[in-house]
Amino acid sequence: MLERTLRKDRTEVTFILPADIPPGPVSVVGDFNDWRPGVHTLTTREDGRRAVTVELPSESSHAFRYLAAGDYWFNDDTEGDLDGPNSRLHT
Numbered sequence: 034m035l036e037r038t039l040r041k042d043r044t045e046v047t048f049i050l051p052a053d054i055p056p057g058p059v060s061v062v063g064d065f066n067d068w069r070p071g072v073h074t075l076t077t078r079e080d081g082r083r084a085v086t087v088e089l090p091s092e093s094s095h096a097f098r099y100l101a102a103g104d105y106w107f108n109d110d111t112e113g114d115l116d117g118p119n120s121r122l123h124t
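Going by this note's numbering, 49 is the number at position 16 of the sequence shown; the sequence numbering is gapless.
Please keep in mind that the hints were generated in silico from the structure rather than gathered at the bench.
Please note that the accuracy of each hint is not assured.
Said to hold, decoys possible - With beta-carbon atoms standing in for the labels, derived distance ranges: (1) 105 to 41: 32 to 40 Å; (2) 58 to 36: 19 to 27 Å; (3) 91 to 52: 24 to 32 Å; (4) 66 to 42: 26 to 34 Å; (5) 39 to 103: 32 to 40 Å; (6) 76 to 111: 14 to 22 Å; (7) 103 to 43: 32 to 40 Å; (8) 67 to 103: 34 to 42 Å; (9) 57 to 110: 14 to 22 Å; (10) 91 to 54: 18 to 26 Å; (11) 45 to 103: 27 to 35 Å.
Source: prediction; values computed, not measured.
For glycine and all other residues, C-beta sits at the position ideal for the given N, C-alpha and C.
From just these sequences and the hints, can you work out the full model?
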């Protein structure tokens with residue numbers, strides 16, 4: 034699930050996953066971080082879910098996926114747009 038917060042010159046996108054699905058550490062990777070795992074690792078929030086917030090330019094489009102332990106790549110099912118094997122978000 035994604036949450037978007039509009040700011041004056043950017044959009045803050047929060048990537049949110051359940052606490053334990055999939056198990057282990059998860060990071061969001063995409064064209065906004067040169068597809069580097071571990072740059073944006075999700076951390077546990079007070080509500081038990083895991084999340085990370087990334088600042089992106091407003092009115093932009095980005096390909097991304099999640100990477101979990103064991104080299105398990107997966108898309109965000111809440112985002113309807115796909116870009117080949119990747120999820121696509123619009124700010």
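Structure-based check of all given hints:
1. Checking the proposed 32 to 40 Å range against residue 105 and residue 41 shows it holds: the Cβ atoms sit about 37 Å from each other.
2. In this structure the hint that residue 58 and residue 36 lie 19 to 27 Å apart at CB holds, the actual value being about 21 Å.
3. Look at residue 91 against residue 52: about 31 Å separates their beta carbons, and that is inside 24 to 32 Å.
4. Against the hinted window of 26 to 34 Å, the Cβ-Cβ separation of residue 66 and residue 42 comes to about 19 Å, which falls outside the hint.
5. With their beta carbons about 36 Å apart, residue 39 and residue 103 fall inside the hinted range of 32 to 40 Å.
6. At roughly 19 Å, the beta carbons of residue 76 and residue 111 sit within the given window of 14 to 22 Å.
7. At about 33 Å, the CB distance of residue 103 to residue 43 agrees with the hint of 32 to 40 Å.
8. Checking the proposed 34 to 42 Å range against residue 67 and residue 103 shows it is violated: the Cβ atoms sit about 22 Å from each other.
9. Between residue 57 and residue 110, the C-beta spacing of about 19 Å keeps the proposed range 14 to 22 Å intact.
10. Residue 91 and residue 54 have their C-beta atoms about 31 Å apart, which leaves the hinted 18 to 26 Å range violated.
11. Checked against the hint of 27 to 35 Å, the C-beta distance between residue 45 and residue 103 comes to roughly 30 Å, which is consistent with it.
Hint violations for this structure: numbers 4, 8, 10, all remaining hints satisfied.
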